[in-house]
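As given, the protein sequences belong to chains V and R, one line each in that order. Number 765 marks the last residue of the first sequence (this note's numbering); no jumps. Number 364 marks the last residue of the second sequence (this note's numbering); no jumps.
I should point out that these hints are in silico values taken from the structure, not numbers from a laboratory. A few of these clues could be false.
[What the hints assert, rightly or not] In the DSS-like style, the derived pairs of lysine-lysine whose C-alpha atoms are separated by at most 27 Å in a straight line are:
1) K711(V) - K301(R)
2) K748(V) - K282(R)
3) K560(V) - K751(V)
4) K288(R) - K193(V)
5) K711(V) - K748(V)
6) K355(R) - K415(V)
7) K200(V) - K288(R)
8) K271(V) - K558(V)
9) K288(R) - K720(V)
10) K425(V) - K282(R)
11) K636(V) - K228(R)
12) K271(V) - K560(V)
[Stated by the list, open to error] Label-pair restraints from in silico Cβ distances:
13) I305(V) - M254(R): 46 to 56 Å
14) E713(V) - D354(R): 37 to 47 Å
15) P207(R) - T174(V): 40 to 50 Å
16) D747(V) - Y363(R): 30 to 40 Å
17) R206(R) - R632(V): 30 to 40 Å
18) A306(V) - D354(R): 27 to 37 Å
19) C722(V) - E315(R): 55 to 65 Å
20) P207(R) - D747(V): 49 to 59 Å
21) E586(V) - H209(R): 37 to 47 Å
22) Q208(R) - E660(V): 51 to 61 Å
23) F342(V) - R206(R): 47 to 57 Å
[Unchecked claim] Sample of chain V residues lacking proximity to chain R, with all beta carbon distances greater than 12 Å (derived):
24) D331
25) E409
26) Y446
27) G450
28) S527
29) G534
30) G648
31) D715
Don't be surprised by glycine CBs; every beta carbon is placed ideally from N, CA and C.
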Amino acid sequence: MNQTRLQLMLCGGTGCDSTGSEKVRVALLKEIEKQGLSGEVEIIITGCNGFCAVGPVMVVQPEGIFYQKIQPEDAAELVESHFLKGTPLQRLMYKNPANKKIIPKMDDIPFFASQVFRAMRNKGLIDPEVIDEYIARDGYFAAAKALNEMTPDDIIKEMLDSELRGRGGAGFPAGLKWRFAKEAQGDIKYVLCNADEGDPGAFMDRSILESDPHAVIEGMIIAAKAINAHKGYIYCRSEYPLAVKRLNIAIDQAKNYGLLGNDILGSGFEFDVEVYQGAGAFVCGEETALMRSIEGKRGMPIPRPPFPAHKGLWKKPTILNNVETLANVPQIILNGGKWYASVGTATSKGTKVFALSGDVCNIGLVEVPMGTTIRSLVYDIGGGVPDKRKFKAVQLGGPSGGCVPEQYLDTPIDYEEISKVGAIMGSGGAIVMDNTTCMVDMARYFMDFIQDESCGKCTPCREGTKRILTLLENMCKGKGQPGDIELLEELSDVVMHSSLCGLGQTAANPVLSTLKYFRDEYEAHIFDKTCPAKTCPALVKFEVDPDKCKMCGLCFKGCPANAITWEKKAVAVIDKDKCVKCMSCYDRCKFDAIM
Amino acid sequence: MKNTIRPQHPDITAQMWDSIDEIIAKWKNTPGSVIPVLRECQEVVRYLPSEILMYISQGMGLPLSQVFGVATFYSFFSLTPKGRHNIKVCTGTACYVKGIKESINRIHGKYNLKEGETTEDRKFSMEGVRCLGACGLAPVMVVNKDIYGAVSADKVIQILEKYE
């Protein structure tokens, strides 16, 4: 690919970009020139590396040495020590929190070691804005094979053999979807890519689009051949400006190389892709709503059937696949469906990407084989809960999902097994929560989200979510009534069974799953008027426990409302008239003395 | 387009109207293009006063109900003026778990500003956004185009005071 001695793969994903990777690039470039290493050392800006928690990150190839939290001021020392004198700089390497040992190589770091990269195989290895680098990693070989050597039935057979299920959350077999669309009558058909990643706490698709946009485009070309479509859209949310930019660059480059447009690779097949930017509506992740949005209408779902495979965009047969699903397609075509299905469980094959975040040490993007346990995800890769706090639950599937508590951590990652414990696989958001998270407040949070994003078309979702939200809000304010829990359950049942689309049908999941595992917290809010996690300000008394107060004054120093009086060797006192209940004192107190 | 009279509006200059005409002309014949038209017009004027919606409806030959319906459906479009500095607070799950709520309360306490509002002097406007996908930096706040990670309630006012 290139002749330089060392390649510095500097992460330019959204996470690292905002912690200053561009400034690091400029500083490194200056130092490299200063030391006369310009011909030998090259900086390549890659897409998201995945280990966002320690950004900006950089991997030095071919050695595979991993540097974290690089600041522009480190550039001089780094260039001189490592790239000039050949001594890697230990100060910037990853330290294993368990034994404080330095781990120089990326592949040895536990966060990366247990992962298997398929959908994310190119992340951090190529410059996403250069098509040649993608091609050098066997890019577009699968498209060439599909267009020139395979019939639509061959492609669909490989997809069915792979048993790849939709990675957007519902898990519908992708090959089956393609077969329906292929068999549908019509001269005009569409291939759509759902990049409207709306689940809060999920950023898998953003990362794939930013680090390997060509994989998604190639997947779409193959899908187009399978169903004989000639036009595709990538529906990308506007909150992801970098992903949109890179997609547009990738599409232009693919057109220039004759990989999109008329007569692709001499096959006579024609296909074109366009990016369509969303405008901020969660419900547009639902397939029929997404299609209405591309048509320029309000993004409201319509009842199915007819299914989009028969009547989708502009009433033409359409397939819609998620970003991660499409990113897997080229390798399935190259290596065969059987290869893909060789990893995983009986009903869930291949790998799944998760966005691990919340109260966990190693926040970032991880790809694991299906069948890995949730415990392994949280502890082996995620490094567990920081600050010696206690694990409480991990929330999977966002506002449509549920939480998995401690006792079910050994559940394997598998569509069916996860739904058995009351959560869903979802698109891959995994938010870890420790003992300072109130589960009633969490349910309230998700319901607030759903209520806000409900399109308002069908009554159960529009009104039901509002009533559920009111109940939860009252509980958090200490106004919960006996009987509220039963009412919550009844309302949840109605909303789930009578809403039109997936948004409403799953809206009550966060409530039901927290009720299932943390009913005692609901009861404490209603009957004892206390919040066990001390998250709901209305239920914290804001009094100092004189037995626990160590008279350190930390609460006094942090109070923004000057509501605390304290002197050395005296217990602090909170003036309730001045207190704004901001929780600052509670967060600062190391002795749990604020009641 | 010639028959459409440009309405008077204090926030829209003649130059802006020219750009709006260009946008409408560019998209007029593309079906389903209301969203890109609204997006580009909002980039020009920074929000969408009702005069623009009427103008677009006439220019594109679409019912006003459809233009208005789309503009009010999507959270990206704002029918009220934005401040000189737009604060986006991420209210995604990771940011929520990590305590963005306290930061929002502090902003409210200091500037009397709630989500979806603009201060009277039009200095700041604040919007809550659902997950910016930068959960590794949670809690996240974006002011204009500057991204701030690990925004604690104690730091938030300091950050905002940098903006004039």
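Evaluated hints:
no., hint, verdict
1, K711(V) - K301(R), "holds (19 Å)"
2, K748(V) - K282(R), "violated (32 Å)"
3, K560(V) - K751(V), "holds (25 Å)"
4, K288(R) - K193(V), "holds (23 Å)"
5, K711(V) - K748(V), "holds (14 Å)"
6, K355(R) - K415(V), "violated (31 Å)"
7, K200(V) - K288(R), "violated (34 Å)"
8, K271(V) - K558(V), "holds (19 Å)"
9, K288(R) - K720(V), "violated (39 Å)"
10, K425(V) - K282(R), "violated (38 Å)"
11, K636(V) - K228(R), "violated (39 Å)"
12, K271(V) - K560(V), "holds (24 Å)"
13, I305(V) - M254(R): 46 to 56 Å, "holds (50 Å)"
14, E713(V) - D354(R): 37 to 47 Å, "violated (22 Å)"
15, P207(R) - T174(V): 40 to 50 Å, "violated (59 Å)"
16, D747(V) - Y363(R): 30 to 40 Å, "holds (32 Å)"
17, R206(R) - R632(V): 30 to 40 Å, "holds (38 Å)"
18, A306(V) - D354(R): 27 to 37 Å, "violated (48 Å)"
19, C722(V) - E315(R): 55 to 65 Å, "violated (35 Å)"
20, P207(R) - D747(V): 49 to 59 Å, "holds (51 Å)"
21, E586(V) - H209(R): 37 to 47 Å, "violated (57 Å)"
22, Q208(R) - E660(V): 51 to 61 Å, "holds (55 Å)"
23, F342(V) - R206(R): 47 to 57 Å, "holds (50 Å)"
24, D331, "holds (33 Å)"
25, E409, "violated (6 Å)"
26, Y446, "violated (8 Å)"
27, G450, "violated (4 Å)"
28, S527, "violated (4 Å)"
29, G534, "violated (6 Å)"
30, G648, "holds (17 Å)"
31, D715, "holds (22 Å)"
Checked against the numbered hints above, the structure violates hints 2, 6, 7, 9, 10, 11, 14, 15, 18, 19, 21, 25, 26, 27, 28 and 29; every other hint is satisfied.
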